[in-house]
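Visitor: These are the residues of each chain, in order.
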Amino acid sequence: MRHSFTRAALMLCSAGWLAATGPVFADEAKPEAKPLKLTTTADHTKFKQLQKTFNSGPEVTKACLECHTEAAGQIHRTKHWKWEYLNPDTKQTLGKKTVVNNFCISVASNEAACNSCHIGYGWKDASFDFKSEENVDCLACHDTTGNYKKPSGLAGNVVTKDMEFPPGSGKVLKAIDLSKIAQKVGKSSRDTCGACHFFGGGGDGVKHGDLDSSMSAPEKELDVHMDATGLDFSCGTCHKTSSHDVAGSRYTPTAKDSKGAHVRGKADNGNPATCVACHSNAPHKKEARLNQHATKIACQTCHIPSFARGGIPTKMTWDWSTAGQLDANGKQITKKDAKGRIIYESRKGDFTLGENVKPEYVWFNGNVTYTLITDKVEKSDQRTPINKIGGSPTDGKSMIWPMKVFRGSQPYDPVNKTLVTPHTAGNDDTGYWKNLNWDKAIAVGMNTSGHPFSGKIDFIKTEMSWPINHMVAPKEKALGCVECHSKDSRLAGIKGVYIPVRDNNKLLDTAGWAIVLLTLLGVLGHGAMRIVTARRH
Amino acid sequence: MAERIYVFKRFERFWHWSQAGLIMFLMLTAFDIHGTYTIFGFEKAVAYHTTAAWTLIGLWVFAIFWHFTTGEWKQYIPTTEKVLAMVRYYSVGIFKHEPHPFKLTQLRKHNPLQRLAYLFILICVGPLLWITGGLYLFYDKWAAWGLTGLQLEWVATGHIIGAFMMLAFLIAHVYLTTAGHTPTAHIKAMITGWEEVD
Amino acid sequence: MKLTTTLAVGTALSLFASTAFAYDADWKRGRVYYRSVCTSCHVTQPVGTINPSSKTKAEWAAYVKADKHGKGKETVKQYVSKTYRESIKSGNKAAEKFIAVPETELLADIQLFLQRGAKDGEAPASCN
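Chains as they are written, first to last, in this note's numbering: chain A, 11 to 547; chain B, 761 to 958; chain C, 625 to 752.
Note that these hints are calculated values from the structure, not bench results.
None of the values given here were measured: they were computed from a predicted structure.
Among the hints, a few may not be true.
[To be verified] Capping the alpha-carbon separation at 27 Å, the derived lysine-lysine pairs in BS3-like fashion look like this: (1) C:706 x C:721; (2) A:194 x C:721; (3) A:230 x C:721; (4) A:349 x C:679; (5) A:56 x A:72; (6) A:487 x B:804; (7) A:306 x B:804; (8) C:679 x A:190; (9) A:106 x A:89; (10) A:171 x C:679; (11) A:450 x A:427; (12) A:295 x B:901.
From just these sequences and the hints, can you work out the full model?
Guide: Following this line, the structure appears as structure tokens:
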């Protein structure tokens, strides 16, 4: 342990003191003569394989695999590696490789940029070898120094010699010291998971709303579990991982966990990343009534009163149809709001941002159906759902869930009636972000993703739902009753449940008050007459 | 001069006034919960309403016991005798200062209309409120009790109807306390136990 | 145990310590302390919050070395000291959590966080 060792070292340095109390020191030091790390069974600085200069990521991986012989094979089975997932319920093939969203739209043809978040090295196009062991990136998840970086544009590769990128831009990507990083590997952390998951959608907090860099060392108010000075959970504490396969999924979420708390020894193949997995289905000790609420309402609904609470805004809308404006000099422009946050970019269009956003609430049963590039879409007043959230008050499987609903307008093919996969990123003459030409960008992108494109382009309004799970507030900050039990209820749009106050029957109230009023008028009239007649007598 | 008779015994008066206080407090919190106004706010109002309801139940346990041990329960047995006379008195006679058609005694301390009204509260409004209120309170036990077909909306509606009826009763009841021998005779009786009768 | 042996072992260990086992600073702990202790106070002090990214690595190194807080009225180190942590621990969870950490280690942690979070560091950082 560090402490004991430093203490020993300090003792040794003070020679005078040492002379006087030598024997005592010796006794004290005996049981802990050797500094011992208790957080791991292997001090990686001691491994010869890592005490060398590494010139690329795969070189490090090869060194890792010398001992961790099965690791790459385990990784190969995961969504994090394949970016492909077959939804067993809908039979849809999903995964980042395949799905289309309404942020940066799609990965196909943009691999070099997007795949800096792939846990591999060198996925620049469809030729990437998914069987390669050395292309597995161990450090993306196991770095503890915080210095490991995979810059966008390098297909997930790392920089080991300072380089100018993009070439001719004058910007220099700094080399990282892979040897030092490799010698300090450890468990995954909020920082390693966050390196990608906090920055999804192209920037800090853009995509999720409940995940952004404020969660790397949050205070209790922001997240009661990850509280850096309190419980200090890492992502893996809940997303309990075995064989490198991280539990929890946005493709097949667990909307209602009726299995109860997970107990050692209990045969259980449930999702360990649910609230219920630890808290059980009856966690409210004082107010049993709330446990009844919890049979219809997801924990998150009350316990995450709002998202993007950490001071970092999340994107709420994105209108690609306004992209492409140039200034008088023909240069790309950027507009900022009063707080200096970008709300328009020529290459991306208009955005709106939100902080402390109240979620929208829906019945959700865990079924998510994506609108894939192969699905027909129809332009209408209704927004096209990027992912359709299944659920109803009566299916017995749904709970009321909080969602971030991200709305946008994105290019589509009005002839083939499909969404499109534009080529956006890339230092070439077709990438939209450089050339601002949809025709070329979409033609190239669709060609890469292997789907027909008519050549016609229009914009279609879409929405995508993100179940809110993180930024769980301390219990004192959970929603109060009136948030829902009121006329302007948060659950105003929720059908199929009777919510006292929200659902007060107007007719009943009118009739009731009429009776009360008539009684009052009756007795007042009667009394008045008594007074009047009393005077006459 | 009027004679005085001892109508309401000590416990009866205690029961009446604590019940009156509790019911008025229940009313106050009820319409707070209902969203008619905000005094305590939904969350606290629910807690207070629940506590007051349990307290009232406790009081009733004693009151029921008292009614049976003393035989006072007979005061609520309905009678058709003089009902019409009472109706006539309240709608006509009272304005002409006719004598009260009902002679109050210790064995018959409620006039026939009163008996009917109290009985109605006792067997209709009361049970409606208690049953729906109890179901409301134990909403989380419905499944365990096998009440799968029950809808919260019905329970809520029943409870609200009961509340309005109780409020209307309260108004009429308070007013009719002034319809005694003198306007304050009934109230004095309920405080001191002694009522002046003609 | 004889004094000579002890001294010999001690010297050997000291040498060892200064080379292979120099304290391995924990920037994450430094981050938490900086944000929860330094920032929580600075938010309300006239100075306001100070982002690590507001200074360069060299400036931060010089600042810590000069050890002057409040225009030289006091030291920086005192705010990392156990005595200080002890004095605020009832109202500060970070001070409480790290109460047992030796001052030198905690200072090293904070320094590493500042080096990483500096304007020209690996990960320019804000206060939160």
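Visitor: Checking one constraint from the list: CA of residue 194 (chain A) to CA of residue 721 (chain C), max 27 Å. Satisfied?
Guide: holds (24 Å)
Visitor: Below or equal to 27 Å on CA atoms is what counts here, so check residue 106 (chain A) against residue 89 (chain A).
Guide: Given pair residue 106 (chain A), residue 89 (chain A) holds - Cα atoms ~9 Å apart, limit 27 Å.
Visitor: Within 27 Å, alpha carbon to alpha carbon, are residue 487 (chain A) and residue 804 (chain B)?
Guide: holds (16 Å)
Visitor: Verify the proposed pairing of residue 171 (chain A) with residue 679 (chain C), using a straight-line Cα cut of 27 Å.
Guide: Roughly 26 Å between the alpha carbons, so the hint for residue 171 (chain A) and residue 679 (chain C) holds.
Visitor: Taken at face value, is the distance from the CA of residue 679 (chain C) to the CA of residue 349 (chain A) at most 27 Å?
Guide: With Cα atoms ~22 Å apart, residue 349 (chain A) and residue 679 (chain C) stay inside 27 Å; holds.
Visitor: Would the pair residue 56 (chain A) and residue 72 (chain A) pass a check requiring their Cα atoms to be no farther apart than 27 Å?
Guide: Roughly 17 Å separates the two Cα atoms, so the pair holds.
Visitor: Holds or violated: residue 706 (chain C) and residue 721 (chain C), Cα atoms, limit 27 Å.
Guide: holds (12 Å)
Visitor: Within a Cα-Cα threshold of 27 Å, do residue 450 (chain A) and residue 427 (chain A) meet the stated pairing?
Guide: Since the Cα atoms of residue 450 (chain A) and residue 427 (chain A) sit roughly 19 Å apart, the hinted pair holds (cutoff 27 Å).
Visitor: Does the structure keep residue 295 (chain A) and residue 901 (chain B) at a Cα separation of 27 Å or less?
Guide: Satisfied, since the Cα-Cα distance of roughly 15 Å is no more than 27 Å.
Visitor: If you draw a straight line from the CA of residue 306 (chain A) to the CA of residue 804 (chain B), is it 27 Å or shorter?
Guide: holds (23 Å)
Visitor: If you draw a straight line from the CA of residue 679 (chain C) to the CA of residue 190 (chain A), is it 27 Å or shorter?
Guide: holds (25 Å)
Visitor: Is residue 230 (chain A) within 27 Å of residue 721 (chain C), Cα to Cα?
Guide: holds (14 Å)
Consistency with the previously given hints is maintained throughout, with no hint failing.
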